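Sequences listed follow chains A, B and C, in order.
Numbering-wise, the first sequence is residues 430 to 581 according to the numbering used here.
Numbering-wise, the second sequence is residues 4 to 178 according to the numbering used here.
Numbering-wise, the third sequence is residues 10 to 664 according to the numbering used here.
Hints may be right or wrong, so weigh each one.
[As the list claims (entries may be wrong)] Pairwise CB distance ranges (calculated):
1) C/127 <-> B/20: 56 to 62 Å
2) C/50 <-> A/461: 53 to 59 Å
3) B/22 <-> C/474: 52 to 58 Å
4) C/332 <-> A/498: 53 to 59 Å
5) C/164 <-> B/15: 50 to 56 Å
6) C/42 <-> A/447: 45 to 51 Å
7) B/57 <-> C/21: 38 to 44 Å
8) B/90 <-> C/540: 17 to 23 Å
9) C/601 <-> B/57: 30 to 36 Å
10) A/544 <-> B/22: 54 to 60 Å
11) C/164 <-> A/498: 35 to 41 Å
12) C/42 <-> B/164: 55 to 61 Å
13) B/22 <-> C/125: 48 to 54 Å
[Unchecked claim] With a straight-line cut-off of 20 Å between C-alpha atoms, the simulated SDA-like cross-links for lysine to any residue are:
14) C/78 <-> B/41
15) C/124 <-> C/43
16) C/124 <-> C/647
17) A/476 <-> A/536
18) B/8 <-> A/444
19) B/8 <-> C/570
20) C/390 <-> A/481
21) C/390 <-> A/441
22) A/476 <-> C/647
23) C/78 <-> C/129
24) A/476 <-> A/540
25) B/8 <-> A/453
26) B/42 <-> B/67
27) A/512 <-> A/493
28) B/107 <-> C/43
29) C/124 <-> C/44
30) A/512 <-> B/13
31) B/107 <-> C/570
32) C/390 <-> B/25
33) B/8 <-> A/446
34) B/8 <-> C/389
35) A/476 <-> C/389
36) B/8 <-> A/441
37) B/173 <-> B/96
For the record, the hints were derived by calculation from the structure and aren't laboratory data.
A quick note: this is a predicted structure, and the numbers were derived from the prediction, not measured.
Built from N, CA and C at the ideal position, the CB exists for glycine as well.
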Amino acid sequence: MAVKAKHQRLTLILLALAALIGAALLAAYALRDQASYFYAPSDIEAKGVEAGRAIRLGGMVRRGSIAQAADGVTVNFIVEDGKASVPVTYRGITPDLFVEGSGVVAEGRMDAGGTFVADNLLAKHDENYMPRELEDMNLDEIKQQAETTVTQ
Amino acid sequence: MTNWKLWLPFGLFALFFIVVAGGLISPSDRTITSKMIGKPLPAFDLPQAVADRPALSTADFNTGTPRLLNIFASWCVPCIAEAPHLQALSDAGAEINGVAIRDKPEDVAAFLARNGNPYTRIGADNLSSVQLEIGSSGVPETFVVDGQGRITYQHIGDIRASDVPMLLEKLEEAR
Amino acid sequence: MIAEAGLACLWLAAALSLLQLLAGGFSLAGRGEQLASIIRPVAIMQGILVAIAFVMLIWLFLRTDLSVKLVAMNSHSAKPFLYKFAGTWGNHEGSMLLWVTIMGLSGSCIALLEKRLRSDTMIATLAAQAFVSIGFYAFLLFSSNPFERLPSPVPEGQGLNPLLQDPGLAFHPPTLYIGYVGLSVAFSFAVGALITRNVGPVFARAMRPWVLGAWIFLTLGITAGSYWAYYELGWGGWWFWDPVENASLMPWLAATALLHSVSVLATRGALRTWTIMLAVVAFSMSMVGTFLVRSGILTSVHAFAVDPERGSFILALLAIYIGGALALFAIRAATIREGTRFSFFSREGALVLNNVLLTAILGIVLIGTLYPLLTEAMGTKVSVGPPYFNPVGAAFALPMLVVMAAGPLLRWRGDSGRKLINMMALPVLAAAVTLLVVVLFGGRIGILPLLGLILATGLAIASIIPLWGRNLLRTPLNIWGMVIAHLGIAVALFGMASESAFNQEVLVASQPGESHEVGPYTLTFNAIEPVAGPNWTALEANITARVTGSDSSDTLNPQSRNFSSPPTQTSEAALLTRWNGQLYVVLGEENADGRWQLRLWWKPFVTFIWYGGLLIGLGGLLALIGRTVRDIRRRAHDMQDEENEQDQQAGEAAA
């Protein structure tokens, strides 16, 4: 089944293009669904988040809010951004820099009862400061922190 | 096959370039003035960081004379770079208070012995709590605080030689 | 003086690379035969000079010369010797110097060793190589001079980042860099061949060892990086789809595709345009990778100092080289001769399909990595992780694995379907048996791990079949290489699927004296003891692990370490490796009631992931040796032919 040369080249190109376009379409479709968006507590209050959708929640850990559950490995605390607050529960070993009053970014999802169930807590990693212009404080500052936040 | 199809990869790359270049340029466009300016210092009461300097609390700022509040740490590289300029500020008559972030007394003492000690008071902020409340997101940062404990200026990053006269001027303005 | 000597060498090398480019350019434009003759010695000299510069920097680090800024920023005198040495490239400036050093030395190697290529293609290749080097020299000299002195020496160096003090990490970046730079050589060959309109099997044979070499190093680098993240981060995961990881995966995917297409070109003279395109793509991916990591434009686990200025510089280089090469491609591609035809049902056909699928996976990873950047430009922050990469990547990876199993069983040019069906019977049977066993005994597992296990066994059997009926001692090394590399993929896939299917995790707050079961093991938490290291103190747990019901036991000592300068807490996982899996234990904090948090995993066959990676690298190495030996023999043969031909011509002329 030898094919005409020109014909073959065209077929190959079409095959490659079809696969690439297929990949791009599939990627675009999946990204709409699977990318996890960044929310501050006030965003959640204002816009609401569908329960079960993977998101990142960023804010400050409210003072006096960290409580350990009886099993010894679950912590409950409240994340706030000055305007709103969200209760968070996390099962696991907390990172070193996770303390009351510190910034935190949690990966996870909202449950039906309005509690954020975190799979992962990310705390600020490198404080060795290299000059870089910063955004406004408060909400924007927290978002900035989310940008520069990496996992311990 | 016409020629324009061969330019497709180039076009895709150009698109990539535009997106990435946009991402790279946009953050540096946001020049920001701190929201803390004009606000009183948050209330804090920090313990002593080294033996030969007194501790630091909000009450200490209510003396009528403006001063600099410098956020530093012994483990921070730019802090070493700015040490001579802080000394210059101190020599020019500025009063400087320090807050050592997540540090140990012996490390702070070693840092000061090596790089000079322009501070009149140093508080130890072991949990970065004051740092966060004052709106500082990195080390080093320097605040100008007036005689009533209000923040009048925030300098982000290390102090360079060229910043020294500017900071002295800001201190004068805060008087 | 050492720093100044190093800087001088660097400047000289940069000047030589400029000379190399100009000499190449002029001689190609037909102005000066003499210029063509200096290009090889210049390339060799350039490599030597830049290597000297690099040795100077290593020397400065070993002596801890604190008057040099880079050393003062990165080398504490209390750092262990190995890390002082590795500290040379553990920072931005040093790593860029390492990059140009490898590049310069590869240039020297081409100039010394490459004798097959037509001389104009050779000159164009070396000129292209010089052109790429110049950009990096400029980057070093103007924006990140590693030899910069401090106004006055500091009494003590900085930089004891404990996370980075790890033998794995010390040699991980250079391994990847060698891979990246190898792809830059392939790129130079492609540009050289395009400029001189000489895209053909000879060019492919000259380029192949470089692609193969780069691919081996990338494979090993990724394997090592994955293992490092696995045991150092203490999260029990081995791949996080982190931008830095993707930055090393993307060049690997492109190099894998290129490796196969260059083989088709070398053996059969087909896929000419496609190979050139892939060579450009592979090098762009390594540049994009470097750019993403160095510019800090995407945040990641691997924290590097963020510097938009450097990012802009690399981006500019990227634009010049890749944009230039793609423009050249657009202008010249129409002149590339049509490759040899082949039936779609053939080895070539399978390789084409494989290439297309690999490219699609590459596209998926690239889109996922850049997507956060795109949305941020529109004001929304997102992160893209496993929920995207795993299923979407698998949609293309699984069919690719099927093609990979069948491809080597097909003949070049064309083959019969019946023969393939006969040969595939055994692998399909193995896969079916796996399916049966997993369904009966494996419990409930996800669809992706299930498919992974099935494909892994099928592929493992299929990859060995090419050895069937051969005299194993007389089988060419490159066949062995292919078999072992493909087997390595099957082994790694098996490890990945097994880990995600059968991984068991226990998270408890435990009092000394308590026991916990995880997988086949019973772990007894005995005590917490303080221990001290050279620059850290730690709390260490003493845990006894024994297979439930057996007597022999092992001790595990996970630690929670505190480093003094800078004050950092890290957690050191304890691992117990057995042939059938790994026990992974992490110590957390002490609770108010005196219980300690423990995180325990049993990961069946997880080590196969990295054994597989090593096998892939070994396969590549065997193929490289096999090909090189063959090429040398062929060259000797060709030279004889050439002489004969000359004799003949001389004879004819005389007649």
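Hint says 30 to 36 Å; check whether the CB-CB distance for residue 601 of chain C and residue 57 of chain B agrees. Holds, since residue 601 of chain C and residue 57 of chain B (Cβ atoms, about 33 Å apart) stay within the stated range.
Within 20 Å, alpha carbon to alpha carbon, are residue 124 of chain C and residue 647 of chain C? At roughly 11 Å apart (the allowed maximum being 20 Å), residue 647 of chain C and residue 124 of chain C satisfy the hint.
Restraint status (C-alpha distance of residue 42 of chain B to residue 67 of chain B at most 20 Å): It holds: about 16 Å lies between the C-alpha atoms, which stays within 20 Å.
Take the C-alpha atoms of residue 78 of chain C and residue 129 of chain C, compute the straight-line distance between them, and say whether it is at most 20 Å. Given that 20 Å is the threshold and the Cα spacing comes to 44 Å, the pair is violated.
Distance restraint between residue 8 of chain B and residue 446 of chain A, which requires alpha-carbon spacing of 20 Å or less: Holds, at about 12 Å.
Restraint check for residue 8 of chain B with residue 453 of chain A, where alpha carbons must lie at most 20 Å apart: holds, 18 Å
Against the 20 Å threshold, does the CA-CA distance of residue 107 of chain B and residue 43 of chain C hold or violate the hint? violated, 67 Å
Take a quick look at whether residue 8 of chain B and residue 444 of chain A sit within 20 Å of each other, Cα to Cα. holds, 15 Å
50 to 56 Å as the expected CB spacing between residue 15 of chain B and residue 164 of chain C, which holds or is violated: Between residue 164 of chain C and residue 15 of chain B, where Cβ atoms are some 53 Å apart, the hint holds.
Pairwise hint evaluation, residue 43 of chain C against residue 124 of chain C, where the allowed Cα distance is 20 Å at most: Holds, because 19 Å separates the two Cα atoms, which is no more than 20 Å.
For the pair supplied as a hint, residue 107 of chain B and residue 570 of chain C, is the alpha-carbon distance within the 20 Å limit? With Cα atoms ~16 Å apart, residue 107 of chain B and residue 570 of chain C stay inside 20 Å; holds.
For the pair we were handed, residue 512 of chain A and residue 13 of chain B, check the Cα-Cα distance against 20 Å. violated, 47 Å
The structure fails hints 1, 3, 7, 8, 10, 11, 13, 14, 19, 21, 22, 23, 28, 30 and 34 (numbered hints given earlier, in ascending order).
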